[in-house]
Amino acid sequence: MNKIEGKKQREIAQELNISVHTMESQMAIAYKKLKAALKDHTLLLLFFFI
0 MNKIEGKKQR EIAQELNISV HTMESQMAIA YKKLKAALKD HTLLLLFFFI
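The opening residue of the sequence shown carries number 0 in numbering that gives the first Met the number 0; numbering runs sequentially from there.
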């Protein structure tokens, strides 16, 4: 929602009835997991986007 729909974290938190702090924490966790999952594929992704 944040990246795809361009919504702000505050808007998403309101829609989901959660605090902004919870939203920020969950986004940070998601980014860490995504970064770890893509770590081994950095070179492949680089070639894909060129």
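Honestly, the hints are just simulated from the structure, not real lab data.
We put the CB at the ideal spot given by N, CA and C, even for glycine.
Wrong hints could be hidden among the right ones.
To be verified - As a list, the in silico EDC-like pairs of lysine to aspartate or glutamate whose alpha-carbon atoms are at most 16 Å apart: (1) Lys7 with Glu23; (2) Lys32 with Glu14; (3) Lys2 with Glu23.
Said to hold, decoys possible - If you anchor each label on the Cβ, the simulated ranges turn out as follows: (4) Ala36 with Lys6: 29 to 35 Å; (5) Ile17 with Phe48: 28 to 34 Å; (6) Phe46 with Thr21: 34 to 40 Å; (7) Asn16 with Leu42: 15 to 21 Å; (8) Leu45 with Lys2: 18 to 24 Å; (9) Leu45 with Ser18: 35 to 41 Å; (10) Gly5 with Ile28: 32 to 38 Å; (11) Ala36 with Leu15: 19 to 25 Å.
Hints versus structure:
no., hint, verdict
1, Lys7 with Glu23, "holds, 11 Å"
2, Lys32 with Glu14, "violated, 24 Å"
3, Lys2 with Glu23, "holds, 14 Å"
4, Ala36 with Lys6: 29 to 35 Å, "violated, 24 Å"
5, Ile17 with Phe48: 28 to 34 Å, "holds, 33 Å"
6, Phe46 with Thr21: 34 to 40 Å, "holds, 37 Å"
7, Asn16 with Leu42: 15 to 21 Å, "violated, 41 Å"
8, Leu45 with Lys2: 18 to 24 Å, "holds, 20 Å"
9, Leu45 with Ser18: 35 to 41 Å, "holds, 37 Å"
10, Gly5 with Ile28: 32 to 38 Å, "violated, 21 Å"
11, Ala36 with Leu15: 19 to 25 Å, "holds, 24 Å"
Comparing the model with each earlier hint shows violations of hints 2, 4, 7 and 10; every other hint is respected.
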